[in-house]
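Enquirer: Residues per chain, in single letters:
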Amino acid sequence: MTYHSYDHRTGAEGARDALTERQSSLFWGLGIGALAGASAYALYAARRDRDRLSHRPADSAPGRSAKQARFGDYAVVGRTVTIDRPRDELYRHWRDFTKLSEFMENVKAVEPIDAAKDQFRWMIAGPAGTDLRVETEVVSDKPGEEIAWRALDSSQIDTEGKVSFRDAPGNRGTEVEAIIAYNPPAGELGRWIAKLFQAEPALQGRRDLKRFKMLMETGEIATSANRKSDK
Amino acid sequence: MRALTWQGKHDVRVDTVPDPEIVNPRDAIIEVTSTAICGSDLHLYDGVIPGVLAGDILGHEFMGRVVETGSKSTLKKDQRVVVPFTISCGSCFHCKKTQYSACDNSNPADKQDLTEKQFGHAVGGLFGYSHLTGGYPGGQAEYVRVPFSDVGPIVIPEGFDDDDVLFLSDILPTGWMAAENADIEEGDTVAVWGCGPVGLFAVQSALKMGAAQVIAIDHYPNRLNLARQMGAKVIDYTQTHVLEALMEMSGGHGPDAVIDAVGMESHGFAPDTMMDNVKQAVGVGADGGHVLREAIMACRKGGRVSVPGVYGGFLDKFPLGAMMEKGLQIRTGQTHVQRYTKELLHRIAEGEIDTRFMISHRLPLEQAAKGYHNFRFEQNDWTKVVLKPGMQDAA
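Quick mapping for you: the protein sequence lines, in order, are chains A and B.
End of the first sequence sits at 231 in my numbering; the numbers just go up one at a time, nothing left out.
End of the second sequence sits at 395 in my numbering; the numbers just go up one at a time, nothing left out.
The following block holds chain B by itself, in its conformation from the complex (with noise of 0.2 Å):
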């Protein structure tokens, strides 16, 4: 089959590799019919996050068709069917509690020496994100397979578009979770840091469970017209002071809840982000954190920091003492796609939320560097990359 495979930072080649097998009795392989460039593939792309080996298939957020499945899988072939990007096992602690992404029999047993010794404890499996998460395949591909397909994948009845239900696989439930976690309250301001595919479900997900207002960040033109088509104010902070403006805009209180849709890579200009640019580029596993240092600041007393955006290493300069002097609250964590897919698919059916307003670009899979190329590079106007397989080649 064809795949998107990594090589090395910032080179990316789609190449044909050996299609997948039925291997364990609980999977399903999938024809996937459409598979987006995530954000947070872009760290992978950038080289930032360790454990990625030349030749991993990239990618998890995919859509597809059933063709095969193992002895114990619950789907039958030929269904339509969204794969979430956490492989969660249904069984385990964790996975009963609906934080799925922290199931503990997802990432084979060798893969989980090494989060354990980075982070305290192994982390769950996910597709196409490094060996720290299991090393697994990923959906930018012909075809996947899918373990514990009797778990993850949601079916879609018919009537749906794949751009109308594709983003139930990551962003669009970790929008959701990204305001769930900023425990939104009538009447609100919320400040997001990024307008990213992320942080715009996050702003929509928002104003949907009653923030008064949402106030969105970025520097790019085009994103910030996204985040205010879908009912955000926005700062574009080359031109403003953040912190000024968002205790100017919640009339000197500050933001209730804060997000920080951005992670590890901010831009930026600020000392801090220069500093941390210097220790990611010499490889002591620093993440940037200048979001997440101005959110924090910005947060007003007794209120709630929510982070979807990746980490995946140690902070320097983390306002402890904020957090701890304003008695803030912070929820972070991949998210339990699981726990969202059936109501999120209502709303989407409902027609509660937009799910296609911000794909920019559908290439065919054989264009995917190009796709990844300009995502990174020109992400004024490539907001969103969705590869279709199956599309003709026109170039």
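Excised from the complex, chain A in its bound form (with noise of 0.2 Å):
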């Protein structure tokens, strides 16, 4: 059946069949009949497939690694990375949320609000030169292991985020496993954070995870200025 529709698709191989002669006009016609075969095949095999496992079962991947990642009514971003550090020494330095702004590249400052809470605030680069304040508290802490925090009502966008520390198989260090999930609000601001995240979903957590890495492995954040003021 579907013989025929390669035959008249491989035009060029056609033409080469006629130029290398008897001995490969068997090679072609083999050939063709298999690949023939072979994609009835799978056309089959996904057809069946489908009906199948209409409700697959899960995988073992995040689930932010999903082709579908929202969760309700969240996007989730996140990366892990493997920083050769022990764990503890991680997460002491994340812990200290005032010195996040110094790998986190949009974050301009976080200051505690209420320390004896746990709460603090991030001064975020916004757009137009204004600045985004996200209010957030520390919603679980288990040192080494885990940091979470979530938005108080009072911050201007809903998120909450968590990074967990685990040490990596083979004596290569922590991996370290940072998940942002947000809600995105309505109006302009809603637009401009949409726009922000879902251009190139997870850009900046992975690229703040990176300068996490090259400050706790190297001492020094990598760049290619050749000035200070350029950097």
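Mixed in with the good hints, there may be bad ones.
[Claimed, not checked] SDA-like cross-link-like pairs, simulated, lysine to any residue; straight-line CA separation at most 20 Å:
(1) A:228 to B:142
(2) B:77 to B:33
(3) B:96 to A:219
(4) B:117 to A:204
(5) B:117 to A:81
(6) A:99 to A:172
(7) B:77 to B:67
(8) A:231 to B:22
Just so you know, the hints here were simulated from the structure itself, not pulled from any lab data.
Put the two chains together into one complex; each comes in its own frame, and the hints tell you how they fit.
Expert: Okay, here's the thing in structure tokens:
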């Protein structure tokens, strides 16, 4: 059946056939027959799998790497990086929120609102020179393992984040996984945030984690700027 | 300071630009005494490497004198150093495995997106070699900011001229690693495509590593002569059927190892080359691959393919069937320079390795544009150009 359609579509091969004469016409015939058979089987198999697997079991990948990475109203971005430093050292560095702006590019400063309640105000560089104010409190703190925070009602964005630290296999240091979920607000601000995140999902988080890795592994953050003022 | 800047295809100029400063604690500033134009700079010159911006300072083979150090640099003022073209932090997973050119931390985070998209992983930082590899200002300049100066530069003791040791920065270790990647065994026949500086050093290295014969392939008589001087047999591909000759010269066996020291801009009037040229001209990210295809076809069953030549995109008509059916192994990559500098400096000191024979021209930095033009268009005679910022400009 599909033999004929293949035959027509491969005019170039047909021409080559004529050039190289008899010995290869058998080869091409077999080759095309095999291709046709394979593609027919693939079609059949795809349909069969669709029918049988309309409810696919979950695989082992983290949920945020799903092709559809929205969970209810929240968009989720995340990234894992291995850093060749001990878990506790990385945890301690991240736990001091006021130091996060060292490696988070868009975060201008993080200041305590109420240190006793573990509440912080993040000043994030916004559109047209305005700053975005995100106010969070720490909701989970497991030393050496995990830090999680969630936006307060006073925050301009509804967001939550979590960073976790696991020993990497083979003494390779620590697997650091950072996840940010956010629910973009309506209006101009929401449109800007959506644009910022959706144009290149996870881009900023990815870069920030790389800078964290540089800082912890090398003591500095790589730059190709030739002068301090170009940084 | 004065520096050679890229302006566009076949347009490079020496310009006055701001001096570099110490930016990070592990930096050092080097005053350049010698810097070479590399064959891979010609890929930038020809405009086939993406991510080069007008005004970028080129150059990744350089050496000089330390003039300033950051608080965490281990170098001292006035030391003479050769600087590897690969920028490496020394403390990440890859650096610890001596895979220095795969450093995780030397390519700035905002520049890593490009190669992460293109290659699946971000590559390490290199001097003067496009924003894909970090956008670091290069060494064809009076001064260079050298990041991670406690890891890269090798301090040169008294008693060596610049010309003895300059090539430790790239082409000598690159030729050496090319031969190492070919896993040479006693009695091997090794075929090397390209008698440019890397190919010539690969010839010398392969013989040092015990190859019974090295066959070098090119079409420039002068370059073939240099290969012959280094002890190679030569094939001029304009005169000879390369595949047939290689079979005949290896007793019908085929070379045990093949080395592609040409890369993405291979020449020759083969149909595949012409098609590749068209695709490069219209900028669809295609590599020219005539040499690599031929090398794979030539290699004996179970043999080794080593690729020091630079590629940056995609290759059509890759003879994967030949690779698989003959059971070949392929090894490639930007050179892990820091892995080799100490040993090679020792070999230079012992007189085992000749580093000067290929230098054809020494020019003041001010004449760098002329150097590029002739290295590109007069390849027979201009085999290696060394630029000296301190040299008097005779012209």
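Enquirer: Against the structure, test the hints numbered earlier, and report the numbers of the ones violated in rising order.
Expert: 6
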